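Chemist: Listed below are the residues making up each chain.
Number of protein chains: 2
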Amino acid sequence: METKEAINVIREYGAKLRALRHAMGVMQCDAMVCAPKNSAPYRAATGAVLSGEVYKLTTAPERVEAIELLSQMSGETDELTRLEVKELKKELDMLTKLPPELYREFNRIKGEASAAWQAAKAANDHSMFEPYLDRMFSAARTLAQHISPDKDPYDHWLDRFEPGASQETLDRFFGSVREGIVPLLRRVLEKPEPDTSFLHGHFPVEQQRKFSDSIMELMGIDRDDCSIAEVEHPYTMGLNKHDVRVTTHYYEDRVAANMFSVLHEGGHAIYEMGISDELTGTALAGPASSGIHESQSRFYENMIGRTLAFAELITPVAARFFPEAFAGVDAVRTWRAVNAVSPALKRTEADELTYSLHVLVRYELEKLLMHGEITAKDVPCEWNRLYKEYLGIIVPNDSEGCLQDMHWGSGLIGYFPTYSLGNAYAAQIDAAMRRELDADALIRGGRIPEITAWLGERIHKYGRTKTPEELVKICTGEPLDPKYYIDYLTEKYSKLYEL
Amino acid sequence: METKEAINVIREYGAKLRALRHAMGVMQCDAMVCAPKNSAPYRAATGAVLSGEVYKLTTAPERVEAIELLSQMSGETDELTRLEVKELKKELDMLTKLPPELYREFNRIKGEASAAWQAAKAANDHSMFEPYLDRMFSAARTLAQHISPDKDPYDHWLDRFEPGASQETLDRFFGSVREGIVPLLRRVLEKPEPDTSFLHGHFPVEQQRKFSDSIMELMGIDRDDCSIAEVEHPYTMGLNKHDVRVTTHYYEDRVAANMFSVLHEGGHAIYEMGISDELTGTALAGPASSGIHESQSRFYENMIGRTLAFAELITPVAARFFPEAFAGVDAVRTWRAVNAVSPALKRTEADELTYSLHVLVRYELEKLLMHGEITAKDVPCEWNRLYKEYLGIIVPNDSEGCLQDMHWGSGLIGYFPTYSLGNAYAAQIDAAMRRELDADALIRGGRIPEITAWLGERIHKYGRTKTPEELVKICTGEPLDPKYYIDYLTEKYSKLYEL
Chain C
14 METKEAINVI REYGAKLRAL RHAMGVMQCD AMVCAPKNSA PYRAATGAVL SGEVYKLTTA
74 PERVEAIELL SQMSGETDEL TRLEVKELKK ELDMLTKLPP ELYREFNRIK GEASAAWQAA
134 KAANDHSMFE PYLDRMFSAA RTLAQHISPD KDPYDHWLDR FEPGASQETL DRFFGSVREG
194 IVPLLRRVLE KPEPDTSFLH GHFPVEQQRK FSDSIMELMG IDRDDCSIAE VEHPYTMGLN
254 KHDVRVTTHY YEDRVAANMF SVLHEGGHAI YEMGISDELT GTALAGPASS GIHESQSRFY
314 ENMIGRTLAF AELITPVAAR FFPEAFAGVD AVRTWRAVNA VSPALKRTEA DELTYSLHVL
374 VRYELEKLLM HGEITAKDVP CEWNRLYKEY LGIIVPNDSE GCLQDMHWGS GLIGYFPTYS
434 LGNAYAAQID AAMRRELDAD ALIRGGRIPE ITAWLGERIH KYGRTKTPEE LVKICTGEPL
494 DPKYYIDYLT EKYSKLYEL
Chain Y
14 METKEAINVI REYGAKLRAL RHAMGVMQCD AMVCAPKNSA PYRAATGAVL SGEVYKLTTA
74 PERVEAIELL SQMSGETDEL TRLEVKELKK ELDMLTKLPP ELYREFNRIK GEASAAWQAA
134 KAANDHSMFE PYLDRMFSAA RTLAQHISPD KDPYDHWLDR FEPGASQETL DRFFGSVREG
194 IVPLLRRVLE KPEPDTSFLH GHFPVEQQRK FSDSIMELMG IDRDDCSIAE VEHPYTMGLN
254 KHDVRVTTHY YEDRVAANMF SVLHEGGHAI YEMGISDELT GTALAGPASS GIHESQSRFY
314 ENMIGRTLAF AELITPVAAR FFPEAFAGVD AVRTWRAVNA VSPALKRTEA DELTYSLHVL
374 VRYELEKLLM HGEITAKDVP CEWNRLYKEY LGIIVPNDSE GCLQDMHWGS GLIGYFPTYS
434 LGNAYAAQID AAMRRELDAD ALIRGGRIPE ITAWLGERIH KYGRTKTPEE LVKICTGEPL
494 DPKYYIDYLT EKYSKLYEL
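Read top to bottom, the protein sequences are chains C and Y.
Add 13 to the 1-based position in the first sequence for this note's numbering, that's all there is to it.
Add 13 to the 1-based position in the second sequence for this note's numbering, that's all there is to it.
Heads up, some of the hints might be wrong.
Any copy, or any two copies together, can satisfy a pair, since identical chains are not distinguished.
Using 27 Å as the maximum straight-line C-alpha spacing, the simulated DSS-like pairs for lysine-lysine come out as follows [as the list claims (entries may be wrong)]: (1) 50 x 29; (2) 110 x 164; (3) 223 x 486; (4) 29 x 69; (5) 508 x 123; (6) 359 x 486; (7) 390 x 69; (8) 390 x 110; (9) 380 x 29; (10) 204 x 486; (11) 69 x 123; (12) 401 x 29; (13) 110 x 508; (14) 223 x 102; (15) 474 x 50; (16) 390 x 102; (17) 17 x 103; (18) 17 x 69; (19) 204 x 496; (20) 99 x 401; (21) 223 x 123; (22) 29 x 505; (23) 102 x 204.
I should point out that these hints are in silico values taken from the structure, not numbers from a laboratory.
Because the structure is a prediction, the values reported are computed rather than measured.
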């Protein structure tokens, strides 16, 4: 096979794989947004056929040969092809270094563990989940040892979701988080709670929908490229840069949940929409990592959406849609209310200050589980101990405690840290951006798209052509340093709570 | 290849084809309901790849061999396999009797003619569409001659959408329609118009949504098997019997459009949901024909939804959701209003009496076009002449006249007659059912599911295992006879308009 022929081979397979993944992505969105309940078994059957085809195409000997050839001849191809081949080779190694029966076994355990988790959560009985959780971690360990035999298995999984991440860097990172946030939280909790009462009341869904549209407009989101739908648990899916699906959930008794959902998911969407046209149709037209993706959602949610400047911009808009609730509410009151700190049980509802403490608990536990230093039956006790220690709260039951997240049951081991990394990236990026732009003036003036342009040039456009480390460097001039995150939180909450 | 092996081959290909078509169906629904506007080009690219795969799998030599073998050995297989193989052979012949370049050419012309139709309609300029329309009919003729060389080309297309239909039967059918309905319409139009004013006003979408839910509940539709979404032009898609998608459109200034949309599309949905479980996963788990499908939607819309009995059932429900509009409205007033006759330009908005006259115009024109007796440039003049003759109305422009339907531009030639056949089947089925059931008492008493059970046993459960002709025979004891349709209309409108 010649270089040119090999390139054609990967392009042809790429088009088919893309089409299948596109269809599977749409089916996934449809399942959340539109499909009737009983559609599930038939969709699962179709999903199995299509993923079988994806597996077959991905590992087709002709394609494998082309990728191997191009990997060895990286000097002969242009930069984009070289990067794409590297990406494809990495993905391929995950599959081909694994005996097919192990791959199937891992997927089978995921399916069973997911179902067991769901049942255990509903029954508030962790013991129902324990054998599956142990099996899940054991399978994850085996899989890691096959793909990355020279690596610690947890490092394999960390790197899988956040290329470049390892226990060495994350131990240091979470050390700073613990030492920085735990005492800061204690000081905040000594202060009086801000008034959040006006954020609760009656907010009709119809009005909230219009409010969402206004927020997306302020964010500069082109709705011809990005839809919004309603689901139980909001997410964003980027099928391609001109087809991004934001979702939200409306609670009629409160207004902030949807507002920050739209800002958060809108941030994810802006990233997907900003990937350079030149990457369209290649394996590089995706996000650099889960952590970088999260950094963008958190940026719009917190570094923009929870500033005093944004409160000044949004308070009159909110008052237009909810005149009663926002009567007499000024920007400072909005700002204080949306930044209220309140340690609670659920990670997904956590405030900005306590969020990474929730992640810290999970990081410590999955490290112990992966190395067999604890087993599933130790999880509830350890979980509750750490929540008491870091967040100062008592976990009343496992459903709201160690059974709250679906991640481990779904095989997402090593994923949690990307949430915290996202926050830390965002804080460091914010500091760098504020050295160049008067962000508050832009936000206050309704000029958020100028901030998007800044981020677009430094992050969004690159898609997957740069590593997280390279992107942080381009944006901020230095590698990730948790100091920025801790400083950001310290300064912000000192001001808010007059520490 | 042995019989057993051949059966396995068609099952294996069947599973893959079903998965691909399922995914394509979901993408189509998603495009109408959820997807942002700019998603179209990328979706088209994915659609092209997936239909290419469908073509490749459908015509795979191994599969073709298995189907040919089983066709010849129909004595050795069970009845269901025999029927399925017959169905698969028919579908295969459509593809294999056609040189692939002709198939591609036909699809190319469809794409171009669709676009030209859209532009011509927007510009109100039929001449922009004419060359494409001529090319479309010419391609349809060529295609018919390849697949059915012994048949008149229009007969080929009629049979394609309604197995068993031909000009011989349809000339007779539409003759009765013309002779029965045109004079009846003249008599109706001499009478005073009923009061429909209360159907116009302000009907908030939120309330209409709840009204739709109530109608679907009265129809006995299990919402776990059937969703409802909002689109520009309502349709129903049955992905499988546990995943049916009804759509509707809400107009805030009128209530009847959505009400009858839900009844009509709900009828389509009930058919799909009623197909026997034993057919699931085979090529027989579909509707018998377009005409039979339409007969079921029309049945729920008209033979149930436009009766006095249904007016008695629904008027108090409507009054609950729209108390102002329905204040003092009794069932008789509702019944008269929803049956108001008013000849107008648009087929899709036509009343029950004039509906088939719209179809008659199209039938006459496509017959002439197919046989080269007129060409595209003659269409506007002929169209307007026939609308004057049959409906007594003047067509003010081509956009609202001969450019109103997308069908011809999309290659749907010979499809229109199925709409009228559906109405006629429904009337004949209604007459047969009323010999066995006290339909009005069931409707009035909110017992529509008992009517569904009657239809289910005679039509729905059979899926594609019976021809339209066989189904009409099972249901009514005789072949299609347009007399029932004309009698039904004559009796109904004589009562309504006191002729």
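Chemist: First find the shortest C-alpha distance between residue 17 and residue 69 inside one copy, then the shortest across copies, and answer within, between, both or neither for a cut-off of 27 Å.
Modeler: Answer is both; intra-copy 23 Å and inter-copy 26 Å each pass.
Chemist: If the cutoff is 27 Å on CA atoms, where do residue 99 and residue 401 land: within, between, both or neither? Let me know, please.
Modeler: Intra 45 Å, inter 69 Å, cutoff 27 Å: neither.
Chemist: How would you classify residue 508 and residue 123 at a CA-CA limit of 27 Å: within, between, both, or neither?
Modeler: neither (45 Å within a copy, 65 Å between copies)
Chemist: From the Cα coordinates, with 27 Å as the cut-off, is the pair residue 110 and residue 164 best called within, between, both, or neither?
Modeler: within (14 Å within a copy, 59 Å between copies)
Chemist: My question is about residue 69 and residue 123: at a cut-off of 27 Å on alpha-carbon distance, are they close within one copy, between copies, both, or neither?
Modeler: within (21 Å within a copy, 33 Å between copies)
Chemist: Using 27 Å as the alpha carbon limit, work out where residue 102 and residue 204 are close: within a copy, between copies, both or neither.
Modeler: neither (54 Å within a copy, 78 Å between copies)
Chemist: When Cα atoms must be at most 27 Å apart, do residue 223 and residue 102 count as within-copy, between-copy, both, or neither?
Modeler: Answer is neither; intra-copy 45 Å and inter-copy 53 Å both fail.
Chemist: For the identical chains here, do residue 110 and residue 508 meet the 27 Å Cα criterion within one copy, between copies, both, or neither?
Modeler: neither (53 Å within a copy, 78 Å between copies)
Chemist: Between copies, within a copy, both or neither: which fits residue 401 and residue 29 at Cα up to 27 Å?
Modeler: For residue 401 and residue 29, the Cα distance exceeds 27 Å both inside one copy (51 Å) and across copies (52 Å).
Chemist: Should residue 380 paired with residue 29 be assigned to within, between, both, or neither, using CA atoms and 27 Å as the limit?
Modeler: The answer is neither: 38 Å in one copy and 41 Å across copies each exceed 27 Å.
Chemist: As a check of your reading, is residue 17 near residue 103 (CA-CA no more than 27 Å) within one copy, between copies, both or neither?
Modeler: This pair counts as within: shortest intra-copy Cα distance 21 Å, inter-copy 42 Å.
Chemist: State whether the alpha carbon distance between residue 223 and residue 123 is at most 27 Å within one copy, between copies, both, or neither.
Modeler: Close neither inside one copy (39 Å) nor across copies (39 Å); limit 27 Å.
In the structure shown, a violation is registered for the earlier hints numbered 3, 5, 6, 7, 8, 9, 10, 12, 13, 14, 16, 20, 21, 22 and 23, in ascending order.
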